[in-house]
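> Using the sequences and the accompanying hints, generate a full structural model.
The opening residue of the sequence shown carries number 1 in the numbering used here; numbering runs sequentially from there.
A portion of the hints provided could be inaccurate.
Taking lysine to any residue pairs in the SDA-like style, the calculated list, with each CA pair at most 20 Å apart, reads [claimed, not checked]:
{"id": "1", "residue 1": "Lys139", "residue 2": "Asn11"}
{"id": "2", "residue 1": "Lys139", "residue 2": "Met1"}
{"id": "3", "residue 1": "Lys139", "residue 2": "Leu68"}
{"id": "4", "residue 1": "Lys76", "residue 2": "Asn142"}
{"id": "5", "residue 1": "Lys67", "residue 2": "Ser136"}
{"id": "6", "residue 1": "Lys74", "residue 2": "Val90"}
{"id": "7", "residue 1": "Lys87", "residue 2": "Tyr16"}
{"id": "8", "residue 1": "Lys67", "residue 2": "Arg7"}
{"id": "9", "residue 1": "Lys67", "residue 2": "Ile55"}
{"id": "10", "residue 1": "Lys67", "residue 2": "Val95"}
{"id": "11", "residue 1": "Lys75", "residue 2": "Ile55"}
{"id": "12", "residue 1": "Lys74", "residue 2": "Cys133"}
{"id": "13", "residue 1": "Lys148", "residue 2": "Pro135"}
{"id": "14", "residue 1": "Lys138", "residue 2": "Asp78"}
{"id": "15", "residue 1": "Lys148", "residue 2": "Glu51"}
{"id": "16", "residue 1": "Lys67", "residue 2": "Arg88"}
{"id": "17", "residue 1": "Lys87", "residue 2": "Val72"}
{"id": "18", "residue 1": "Lys67", "residue 2": "Ile102"}
{"id": "19", "residue 1": "Lys139", "residue 2": "Arg88"}
{"id": "20", "residue 1": "Lys87", "residue 2": "Leu140"}
{"id": "21", "residue 1": "Lys87", "residue 2": "Ser147"}
{"id": "22", "residue 1": "Lys87", "residue 2": "Ile5"}
The calculated label-pair distances, taken between Cβ atoms and stated as ranges, are [unchecked claim]:
{"id": "23", "residue 1": "Lys75", "residue 2": "Gln45", "range": "39 to 47 Å"}
{"id": "24", "residue 1": "Ile14", "residue 2": "Ile82", "range": "16 to 24 Å"}
{"id": "25", "residue 1": "Phe18", "residue 2": "His145", "range": "23 to 31 Å"}
{"id": "26", "residue 1": "Gln91", "residue 2": "Glu41", "range": "18 to 26 Å"}
{"id": "27", "residue 1": "Pro63", "residue 2": "Phe25", "range": "22 to 30 Å"}
{"id": "28", "residue 1": "Leu27", "residue 2": "Gln91", "range": "25 to 33 Å"}
{"id": "29", "residue 1": "Lys87", "residue 2": "Gly42", "range": "45 to 53 Å"}
{"id": "30", "residue 1": "Gly38", "residue 2": "Arg88", "range": "41 to 49 Å"}
{"id": "31", "residue 1": "Thr81", "residue 2": "Ser136", "range": "42 to 50 Å"}
{"id": "32", "residue 1": "Leu134", "residue 2": "Arg7", "range": "13 to 21 Å"}
{"id": "33", "residue 1": "Gly42", "residue 2": "Lys6", "range": "51 to 59 Å"}
{"id": "34", "residue 1": "Thr81", "residue 2": "Ile102", "range": "25 to 33 Å"}
{"id": "35", "residue 1": "Ser70", "residue 2": "Gln45", "range": "34 to 42 Å"}
{"id": "36", "residue 1": "Tyr48", "residue 2": "Arg141", "range": "41 to 49 Å"}
Please keep in mind that the hints were generated in silico from the structure rather than gathered at the bench.
Note that the structure is predicted; figures quoted are calculated from it, not measured.
We treat Cβ as the ideally placed atom computed from N, Cα and C, and that holds for glycine.
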Amino acid sequence: MEEHIKRAVRNLNISYVFFWVLPAFLLGAGEFELIPVGSIEGNIQATYYFETIGILLTALCIPLSLKLFSLVLKKKIDNMTITLALKRYVQMSIVRLGILEIAIIVNLLCYYLTLSSTGNLCMLIGLTASLFCLPSEKKLRNELHISKDEDE
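Below, the structure is given as C-alpha coordinates:
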(Lines of atoms letter the chains of each structure in order from A and count residues from 1; the text may use other names and numbers.)
(Lines give C-alpha, C1' and ligand atoms only; values in the text may rest on other atoms or scores of the structure.)
Protein backbone atom coordinates (compact mmCIF):
# COMPACT_ATOMS: atom_id res chain seq x y z
CA MET A 1 0.00 0.00 0.00
CA GLU A 2 2.82 2.37 0.88
CA GLU A 3 4.30 1.88 -2.60
CA HIS A 4 0.97 2.78 -4.24
CA ILE A 5 0.81 5.98 -2.22
CA LYS A 6 4.40 6.92 -3.09
CA ARG A 7 3.73 6.25 -6.79
CA ALA A 8 0.56 8.35 -6.70
CA VAL A 9 2.40 11.26 -5.05
CA ARG A 10 5.23 10.96 -7.59
CA ASN A 11 2.71 11.05 -10.47
CA LEU A 12 1.01 14.09 -8.93
CA ASN A 13 4.34 15.87 -8.56
CA ILE A 14 5.27 15.13 -12.19
CA SER A 15 1.93 16.44 -13.44
CA TYR A 16 2.30 19.56 -11.31
CA VAL A 17 5.74 20.26 -12.78
CA PHE A 18 4.38 19.84 -16.31
CA PHE A 19 1.54 22.17 -15.35
CA TRP A 20 4.10 24.93 -14.70
CA VAL A 21 6.34 24.11 -17.69
CA LEU A 22 3.82 25.04 -20.40
CA PRO A 23 3.11 28.58 -19.12
CA ALA A 24 6.84 29.09 -18.53
CA PHE A 25 7.56 27.97 -22.10
CA LEU A 26 4.89 30.32 -23.49
CA LEU A 27 6.23 33.19 -21.37
CA GLY A 28 9.66 32.58 -22.83
CA ALA A 29 8.23 32.36 -26.34
CA GLY A 30 6.40 35.64 -25.81
CA GLU A 31 9.41 37.43 -24.39
CA PHE A 32 11.61 36.26 -27.27
CA GLU A 33 8.81 37.16 -29.70
CA LEU A 34 8.43 33.64 -31.04
CA ILE A 35 4.66 34.20 -30.95
CA PRO A 36 3.02 37.25 -32.60
CA VAL A 37 3.26 39.78 -29.77
CA GLY A 38 0.79 42.65 -30.03
CA SER A 39 -0.67 41.48 -33.32
CA ILE A 40 -4.18 42.70 -32.42
CA GLU A 41 -3.13 45.55 -30.13
CA GLY A 42 -4.93 48.29 -32.05
CA ASN A 43 -8.14 46.34 -32.64
CA ILE A 44 -10.38 47.53 -29.78
CA GLN A 45 -13.19 45.09 -30.50
CA ALA A 46 -10.88 42.05 -30.62
CA THR A 47 -9.14 43.21 -27.44
CA TYR A 48 -12.50 43.53 -25.71
CA TYR A 49 -13.52 40.01 -26.76
CA PHE A 50 -10.20 38.48 -25.73
CA GLU A 51 -10.29 40.21 -22.34
CA THR A 52 -13.92 39.21 -21.74
CA ILE A 53 -13.25 35.59 -22.65
CA GLY A 54 -10.18 35.57 -20.42
CA ILE A 55 -12.01 37.04 -17.44
CA LEU A 56 -15.02 34.75 -17.81
CA LEU A 57 -12.83 31.71 -18.30
CA THR A 58 -10.84 32.56 -15.17
CA ALA A 59 -14.00 33.19 -13.18
CA LEU A 60 -15.40 29.85 -14.34
CA CYS A 61 -12.33 27.59 -14.30
CA ILE A 62 -10.94 28.42 -10.87
CA PRO A 63 -14.06 27.63 -8.81
CA LEU A 64 -14.86 24.71 -11.09
CA SER A 65 -11.45 23.12 -10.68
CA LEU A 66 -11.31 23.63 -6.92
CA LYS A 67 -14.92 22.85 -5.97
CA LEU A 68 -15.58 20.11 -8.52
CA PHE A 69 -12.60 18.18 -7.21
CA SER A 70 -13.87 18.25 -3.64
CA LEU A 71 -17.38 17.22 -4.74
CA VAL A 72 -16.07 14.27 -6.75
CA LEU A 73 -13.81 13.36 -3.85
CA LYS A 74 -16.72 13.25 -1.40
CA LYS A 75 -19.33 11.65 -3.67
CA LYS A 76 -17.32 9.13 -5.69
CA ILE A 77 -13.78 8.53 -4.48
CA ASP A 78 -14.59 8.07 -0.77
CA ASN A 79 -16.69 5.00 -1.63
CA MET A 80 -13.93 3.12 -3.51
CA THR A 81 -11.21 0.73 -2.46
CA ILE A 82 -7.94 2.42 -1.60
CA THR A 83 -6.05 1.36 -4.74
CA LEU A 84 -8.88 2.45 -7.03
CA ALA A 85 -9.33 5.63 -5.00
CA LEU A 86 -5.64 6.46 -5.49
CA LYS A 87 -5.97 6.06 -9.26
CA ARG A 88 -9.10 8.20 -9.41
CA TYR A 89 -7.53 10.80 -7.12
CA VAL A 90 -4.55 11.14 -9.47
CA GLN A 91 -6.84 11.32 -12.51
CA MET A 92 -9.06 13.97 -10.96
CA SER A 93 -6.03 15.97 -9.85
CA ILE A 94 -4.74 15.97 -13.42
CA VAL A 95 -8.18 17.03 -14.71
CA ARG A 96 -8.24 19.81 -12.13
CA LEU A 97 -4.84 21.07 -13.26
CA GLY A 98 -5.96 20.80 -16.88
CA ILE A 99 -8.96 23.01 -16.23
CA LEU A 100 -6.73 25.61 -14.61
CA GLU A 101 -4.20 25.26 -17.43
CA ILE A 102 -6.83 26.18 -20.02
CA ALA A 103 -7.60 29.46 -18.28
CA ILE A 104 -3.92 30.25 -17.81
CA ILE A 105 -2.94 29.56 -21.43
CA VAL A 106 -5.87 31.53 -22.87
CA ASN A 107 -5.05 34.51 -20.64
CA LEU A 108 -1.36 34.29 -21.45
CA LEU A 109 -2.13 34.34 -25.16
CA CYS A 110 -4.60 37.18 -24.56
CA TYR A 111 -1.85 39.16 -22.85
CA TYR A 112 0.68 38.69 -25.64
CA LEU A 113 -1.75 39.21 -28.51
CA THR A 114 -3.44 42.32 -27.11
CA LEU A 115 -0.69 43.63 -24.81
CA SER A 116 -3.44 44.23 -22.26
CA SER A 117 -2.60 43.67 -18.61
CA THR A 118 -6.01 42.04 -17.99
CA GLY A 119 -4.79 38.76 -19.49
CA ASN A 120 -1.65 38.95 -17.40
CA LEU A 121 -3.63 39.53 -14.20
CA CYS A 122 -6.02 36.66 -14.91
CA MET A 123 -3.07 34.39 -15.69
CA LEU A 124 -1.49 35.26 -12.35
CA ILE A 125 -4.79 34.58 -10.57
CA GLY A 126 -4.91 31.14 -12.19
CA LEU A 127 -1.31 30.38 -11.26
CA THR A 128 -2.02 31.46 -7.69
CA ALA A 129 -5.07 29.18 -7.59
CA SER A 130 -2.83 26.30 -8.64
CA LEU A 131 -1.00 26.63 -5.34
CA PHE A 132 -4.11 25.12 -3.73
CA CYS A 133 -3.48 22.03 -5.88
CA LEU A 134 0.11 21.53 -4.69
CA PRO A 135 0.50 17.76 -4.19
CA SER A 136 1.90 16.18 -1.06
CA GLU A 137 1.66 12.83 0.66
CA LYS A 138 0.14 14.40 3.75
CA LYS A 139 -2.59 16.07 1.69
CA LEU A 140 -3.32 12.85 -0.21
CA ARG A 141 -3.59 10.85 3.01
CA ASN A 142 -5.82 13.49 4.55
CA GLU A 143 -8.19 13.78 1.57
CA LEU A 144 -8.47 10.01 1.12
CA HIS A 145 -8.68 9.36 4.88
CA ILE A 146 -5.65 7.05 4.90
CA SER A 147 -3.70 6.90 8.13
CA LYS A 148 -0.19 5.54 8.38
CA ASP A 149 -1.49 2.76 10.65
CA GLU A 150 -3.66 1.35 7.84
CA ASP A 151 -0.62 0.79 5.61
CA GLU A 152 1.11 -1.61 7.94
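> Against this structure, judge whether each hint is valid.
Against the structure, the hints:
Note on lysine 139 and asparagine 11: the hinted pairing holds, with a Cα-Cα distance of about 14 Å set against a maximum of 20 Å. Straight-line distance between C-alpha atoms of lysine 139 and methionine 1 comes to about 16 Å, which keeps the hinted pair within the 20 Å bound. Annotation: proposed proximity of lysine 139 to leucine 68 holds, straight-line Cα distance about 17 Å (limit 20 Å). For the proposed pair lysine 76 and asparagine 142, the alpha carbon gap of about 16 Å is at most 20 Å, so the pair holds.
Between the alpha carbons of lysine 67 and serine 136 the distance comes to roughly 19 Å, so the proposed pair stays at or under 20 Å and holds. The suggested pairing of lysine 74 with valine 90 holds, with an alpha-carbon distance near 15 Å, which does not exceed 20 Å. For the hint linking lysine 87 to tyrosine 16, the alpha-carbon distance of about 16 Å falls within 20 Å, and the restraint holds. The suggested pairing of lysine 67 with arginine 7 is violated, with an alpha-carbon distance near 25 Å, which exceeds 20 Å.
In summary, the hint linking lysine 67 to isoleucine 55 is supported, as the alpha carbons are separated by about 18 Å, within the 20 Å threshold. Taking the CA atoms of lysine 67 and valine 95, the gap is about 12 Å. The hint holds against a cut of 20 Å. Between lysine 75 and isoleucine 55 the alpha-carbon distance is near 30 Å, which puts this suggested pair outside the 20 Å criterion. A hinted pair counts as satisfied when its Cα atoms are at most 20 Å apart, and lysine 74 with cysteine 133 qualifies at roughly 17 Å.
Under the criterion of a C-alpha separation no larger than 20 Å, the hint pairing lysine 148 with proline 135 is consistent with the structure, at around 18 Å. The suggested pairing of lysine 138 with aspartate 78 holds, with an alpha-carbon distance near 17 Å, which does not exceed 20 Å. Among the hinted pairs, lysine 148 with glutamate 51 is inconsistent with the structure: their alpha-carbon atoms are about 47 Å apart, more than 20 Å. For the hint linking lysine 67 to arginine 88, the alpha-carbon distance of about 16 Å falls within 20 Å, and the restraint holds.
A distance of roughly 13 Å separates the Cα atoms of lysine 87 and valine 72; the hinted pair therefore holds under the 20 Å criterion. As the CA atoms of lysine 67 and isoleucine 102 are separated by approximately 17 Å, the hinted pair is consistent with the 20 Å bound. Note on lysine 139 and arginine 88: the hinted pairing holds, with a Cα-Cα distance of about 15 Å set against a maximum of 20 Å. For the proposed pair lysine 87 and leucine 140, the alpha carbon gap of about 12 Å is at most 20 Å, so the pair holds.
Taken as a hint, the lysine 87 and serine 147 pair is honoured in the structure, with Cα atoms around 18 Å apart against an allowance of 20 Å. For the proposed pair lysine 87 and isoleucine 5, the alpha carbon gap of about 10 Å is at most 20 Å, so the pair holds. Separation of lysine 75 from glutamine 45 is about 43 Å and conforms to the stated range, judged on CB atoms against 39 to 47 Å. Take isoleucine 14 and isoleucine 82: their Cβ atoms lie about 21 Å apart, and the range 16 to 24 Å holds.
Under the hint 23 to 31 Å, the C-beta atoms of phenylalanine 18 and histidine 145, about 28 Å apart, fit the expected range. Taking 18 to 26 Å as the suggested C-beta distance range, the pair glutamine 91 and glutamate 41 does not conform, at roughly 40 Å. Between proline 63 and phenylalanine 25, the C-beta spacing of about 27 Å keeps the proposed range 22 to 30 Å intact. With their beta carbons about 28 Å apart, leucine 27 and glutamine 91 fall inside the hinted range of 25 to 33 Å.
Take lysine 87 and glycine 42: their Cβ atoms lie about 50 Å apart, and the range 45 to 53 Å holds. Between glycine 38 and arginine 88, the C-beta spacing of about 43 Å keeps the proposed range 41 to 49 Å intact. Taking 42 to 50 Å as the suggested C-beta distance range, the pair threonine 81 and serine 136 does not conform, at roughly 22 Å. Between leucine 134 and arginine 7 the beta carbon distance is about 18 Å. The supplied range of 13 to 21 Å therefore holds.
Hint check: glycine 42 to lysine 6, Cβ distance near 54 Å, so the stated range 51 to 59 Å holds. Judged by the Cβ atoms, the range 25 to 33 Å given for threonine 81 and isoleucine 102 holds: they are separated by roughly 31 Å. Checked against the hint of 34 to 42 Å, the pair serine 70 and glutamine 45 passes, with Cβ atoms roughly 39 Å apart. At roughly 47 Å, the beta-carbon separation of tyrosine 48 and arginine 141 lies within the given 41 to 49 Å, and the hint holds.
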